[in-house]
Structure formats: structure tokens, C-alpha cells
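There are 2 protein chains.
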Amino acid sequence: MTRKSVRDVLRLTAVDLSALDPAGRPIGPKTKKDAAEDLLATGAELEDLQEALYAEDARAVLLVLQGMDTSGKGGTIRHVLGLVNPQGVHIASFKKPTRAEARHHFLWRVRKVLPEPGRIGVFDRSHYEDVLVPKVEGLRTAAELRARYREINEFEHELAEAGVAVLKCFLHISPEVQRERLLARLDDPRKHWKYNPADIDARSKWSKYQQAYTAALKNCSATPWYAVPADRKWYRNWAVSRLLLETMRELDPKFPPPAYDIAAEQARLRTDDPLR
Amino acid sequence: MTRKSVRDVLRLTAVDLSALDPAGRPIGPKTKKDAAEDLLATGAELEDLQEALYAEDARAVLLVLQGMDTSGKGGTIRHVLGLVNPQGVHIASFKKPTRAEARHHFLWRVRKVLPEPGRIGVFDRSHYEDVLVPKVEGLRTAAELRARYREINEFEHELAEAGVAVLKCFLHISPEVQRERLLARLDDPRKHWKYNPADIDARSKWSKYQQAYTAALKNCSATPWYAVPADRKWYRNWAVSRLLLETMRELDPKFPPPAYDIAAEQARLRTDDPLR
Numbered sequence: 001m002t003r004k005s006v007r008d009v010l011r012l013t014a015v016d017l018s019a020l021d022p023a024g025r026p027i028g029p030k031t032k033k034d035a036a037e038d039l040l041a042t043g044a045e046l047e048d049l050q051e052a053l054y055a056e057d058a059r060a061v062l063l064v065l066q067g068m069d070t071s072g073k074g075g076t077i078r079h080v081l082g083l084v085n086p087q088g089v090h091i092a093s094f095k096k097p098t099r100a101e102a103r104h105h106f107l108w109r110v111r112k113v114l115p116e117p118g119r120i121g122v123f124d125r126s127h128y129e130d131v132l133v134p135k136v137e138g139l140r141t142a143a144e145l146r147a148r149y150r151e152i153n154e155f156e157h158e159l160a161e162a163g164v165a166v167l168k169c170f171l172h173i174s175p176e177v178q179r180e181r182l183l184a185r186l187d188d189p190r191k192h193w194k195y196n197p198a199d200i201d202a203r204s205k206w207s208k209y210q211q212a213y214t215a216a217l218k219n220c221s222a223t224p225w226y227a228v229p230a231d232r233k234w235y236r237n238w239a240v241s242r243l244l245l246e247t248m249r250e251l252d253p254k255f256p257p258p259a260y261d262i263a264a265e266q267a268r269l270r271t272d273d274p275l276r
Numbered sequence: 277m278t279r280k281s282v283r284d285v286l287r288l289t290a291v292d293l294s295a296l297d298p299a300g301r302p303i304g305p306k307t308k309k310d311a312a313e314d315l316l317a318t319g320a321e322l323e324d325l326q327e328a329l330y331a332e333d334a335r336a337v338l339l340v341l342q343g344m345d346t347s348g349k350g351g352t353i354r355h356v357l358g359l360v361n362p363q364g365v366h367i368a369s370f371k372k373p374t375r376a377e378a379r380h381h382f383l384w385r386v387r388k389v390l391p392e393p394g395r396i397g398v399f400d401r402s403h404y405e406d407v408l409v410p411k412v413e414g415l416r417t418a419a420e421l422r423a424r425y426r427e428i429n430e431f432e433h434e435l436a437e438a439g440v441a442v443l444k445c446f447l448h449i450s451p452e453v454q455r456e457r458l459l460a461r462l463d464d465p466r467k468h469w470k471y472n473p474a475d476i477d478a479r480s481k482w483s484k485y486q487q488a489y490t491a492a493l494k495n496c497s498a499t500p501w502y503a504v505p506a507d508r509k510w511y512r513n514w515a516v517s518r519l520l521l522e523t524m525r526e527l528d529p530k531f532p533p534p535a536y537d538i539a540a541e542q543a544r545l546r547t548d549d550p551l552r
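Protein chains in written order, with this note's numbering: chain X, 1 to 276; chain R, 277 to 552.
By construction, these hints were calculated from the structure, which means they are not laboratory data.
Just so you know, even glycine gets a beta-carbon here, dropped at the ideal spot from N, CA and C.
Each statement offered as a hint is correct.
Heads up, simulated DSSO-like pairs for lysine-lysine below, C-alpha to C-alpha not over 27 angstroms straight-line:
1. K306/R <-> K280/R
2. K194/X <-> K530/R
3. K191/X <-> K530/R
4. K308/R <-> K280/R
5. K96/X <-> K530/R
6. K233/X <-> K208/X
7. K388/R <-> K112/X
8. K254/X <-> K371/R
9. K4/X <-> K32/X
10. K470/R <-> K254/X
11. K371/R <-> K112/X
12. K254/X <-> K467/R
13. K95/X <-> K194/X
14. K95/X <-> K530/R
15. K372/R <-> K112/X
Simulated restraints, written as ranges between beta carbons of each label pair:
16. E137/X <-> L551/R: 13 to 21 angstroms
17. R301/R <-> P197/X: 50 to 58 angstroms
18. R279/R <-> P26/X: 52 to 60 angstroms
19. L296/R <-> K30/X: 51 to 59 angstroms
Beyond 12 angstroms from chain X on every Cβ pair, some chain R residues (computed):
20. K372
21. R375
22. T417
23. A438
Use the sequences and the hints to build the structure in full.
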């Protein structure tokens, strides 16, 4: 396909969100049709890699999805993770911390739902919520936020040490496309439940959220962030599927060799009589 | 399609496993091709029902898969649960209890992984392992096993009371087909990890396992069991997909009405300026 990897192109270096086009297609297919074909091929390869990861039973992947409301975290999960065996996927969603969660260290609830070895874990929102909302709402001091950024870097480093490949995607949408998507939810009785008037609060603080994202992405970049243009759903799905594929190719999981004598087992099976 | 439901036909009444044909097709499509078409249509309807169940956020489904090794619990999960949104699925596997699990009541580890409201939970093996293996291996007395059957009935009754629709499927295969599938695993280096010589122990006790299944299915039938002929993978997938569909149709989950004023929200969105 392309010489450059999707990771090379989408990797956030200088974090300047205003310079990124949410409707951009900086690499890969230009049309929905081409992207759909590509997604099928990617799915087949992902399924194979996932099976090897599962069989290997040692390392794991953690896909972190962050983005404003309607940026498509759920849609990405449905379309990208829907490509692989559900048995190897573990999805965790992070809402506003419960009272019990709020009494603990902010990473407590995160550590509880890390993927087991062999799995692809997915975070629908994540520990980053705990440096975004507090910054926008002024719930933490600058020093407290700095401490959290540091703890997140340490946490993600720990994960890497433990064999968990962390893939962090920021789904980048424009406020205009968010408006369209929110209005579409209001137009469809099957989508009314997805609409929450409180979501508009975050929308009305759009610039503050972009600043909070900029600070978080910049301060927690020891593990790289990828900026996924998300105004086009098909491009977003394509890009995340490719980022996941490149991550898993790099892991290169291996089917473990048998710990038994194949010929002996074949002989045993061919001659046995289980109903004797 | 058919007047009779798949549940009517596959429901186990008099539990006589020897009278059931593992290669049978007692209802539904006769060919793999017809089954594949049917599976697609079922998938679309399942996806809609699942979304409503998720939106409703109150009740849940629990699909329990039991069967001898290679009966296709994993394949069923991949092909049937692969039809729906992975975000709404929660899969739990039960292996030999760990030391910590063995120190607790046998239902302890089961209760920990029940599906949350709105989810389709899947048990790949289940609490039934704790009445099968102990009976075959003589690890529990008859009185202890009777107590466990009773506790399982109570537990499943509790689940129903809590709004969890429990769908129990026994994947029924023949020892000949198991032999073929185990040999196929030995023939494919990508499948060697799935083969465990210890599995042959259970195979060599085939009749004892059928007796243990018979006792468990008979004694724990307050919540019905469905016997799924599993010698043909396509029929097994079709049958479980239809059993799940009928279960979810009966639940008939409803999208909740909006708890906000739609017109007011539309007006607000159409005129707002999030970047102001």
C-alpha cells in the first residue's frame, strides 16, 4: 500500500490540535469504498494475529480511545473490534467516577480492568478523563495535574514493561460535525438514549477541552499518541484498524510449540475407543 | 421460516442423550448455504435487539455453553457473538478452579463475572463444570452433588428474578467427530496450542461424562436446557444464533423514552457557538 506507516503519519509530535484537520485523510484510501475493502483485509490479518496473541498467552494490547462526545469511540469499537474474535477482546468504559471510585487513587479503577495476557483490551475513555475534566472544571490545581501526568507516564511505562502494548488514539472531530451527529441522535428515537443534555456542557467548553487535551497529550507523550481524523467515520475506522494492525505486527506474537509428542498423540487418538 | 420455535424443538425434556443425534438437523436449514444466509439475517436482528437491551440498561442475557472438548464453544462465540456489537458482550471462561477459587463456594467465581445490565454474557463452560468433573472423578459424594444441583437451581432462579434471561446450551458431539477435530488440531501448527494431552482423559471417560451430563441436565432443569447437535459446525452456529434470537425477542427490550425536551435541545444545538 504505502511506504510510510500509518503510525508514522498520524503520530502526534508537536501537539497543535488547531493545525490538524478533523476531515483530513493524510494517508491511505481516499474513498469509503476503498477503505471498506482495506478494512476486510485488515480484519483477516488482525484475526490471525489476535489468535497468535491469545495462544501465546503472555503479552497484551491496550487500545485507548479518547475524544469528544460523538467522536466515534463506540463506532470504532463496533467496526474495528467487530473484526476479531470477541473472546480475545476485553472492553472497559470509563464514565464519571462513582463515589467509591472517587475515594481511591484515580488509577485504581483503571488497573482493575487491564486486559489479561493474550487479550486486546479497549478503553472507551480512560485514565485521561481524570486529567481532562479536572482541568476544564478547575477541580485540581496545576501541581496536582502535573503529578497526575507524571503518574500516567509511569503507569504506561509499567504496562510496557509488563508486555502490554499501549496504543493511544485521539479521535479528532470538529464542532460542526459534532452538531450534526447530536442532531441526528435527536432525530432518531432509537438514538435518544445516547443523547444527554449534559453532553452539551462539554460542547460549550470546546476550546477549554481542546486546551486540556493539548496539555494531556503533550505531557503524557512518553507512550505516543496518534491523532485520528474522525469527521469521516469510514476514515476513522480505517485509521484505527491500521494503527492496531501495525501495533500487532510489531508485537509479532508466535504460536507456542507443542509441549507434547505429536506422533504419539496421533497414534493414541487413531486407535482409542472412548465408548469401551 | 418454521411455525415451531427452535426452542420448542431443541428443548431437553426427558434427558436421554443417547437418543439425540449429534449430526441431526431437527429444525431449520438443511444446507450450510441456507444456514449462512439465515445467520446474516439473524445477526442483523440480534444487533438491533442488543442495542435496545443496552439502551434499556436493566436486564441481561446469559448464554451458558457446555459440551465436551471440541464441541465448539469457542467457535460458537466467534461466529454467533461475532454478529453483535462487542461492547455489549461479556465473555467469561471457566477452567479448572484455581487454588483461590477452590477455597470458596463453587458459585463464588461465577457470581463475580455475571453480565452487567444491558449486556449479553457468555459462559464458556460454567458452574456446571463443578457438578460434572467431581461426579466423573468421584471427588464429591452423591449427597454433595445433590446439594450443588439444588444450589444451581436456586442460583439460576435468582438470576431470572434479577432480570437475567439464562439460555443454557449443551453442544452435543459424537466421539468420532471429536476424534477428527483433535486430529485436525495436531495437523495444524497454528492449532497445536489448542491441543492438550490431558483432554484425552475426559475423552477416555466419554460414557462417564455423558452420565454426568445426564444427571446435571436432569437435576438442573428448572431453567431449561437446549441440546444443540454439534457435529456440523454450521448447524450448531445456526441453532445457537436462533436460540439467542428467540430469547431476546421474548425479552423484547425497549429503547427508553428521552428524559429531556427534544425540541429545546434541537433549538439549543442549532444556534450554539461552541468556539465562542
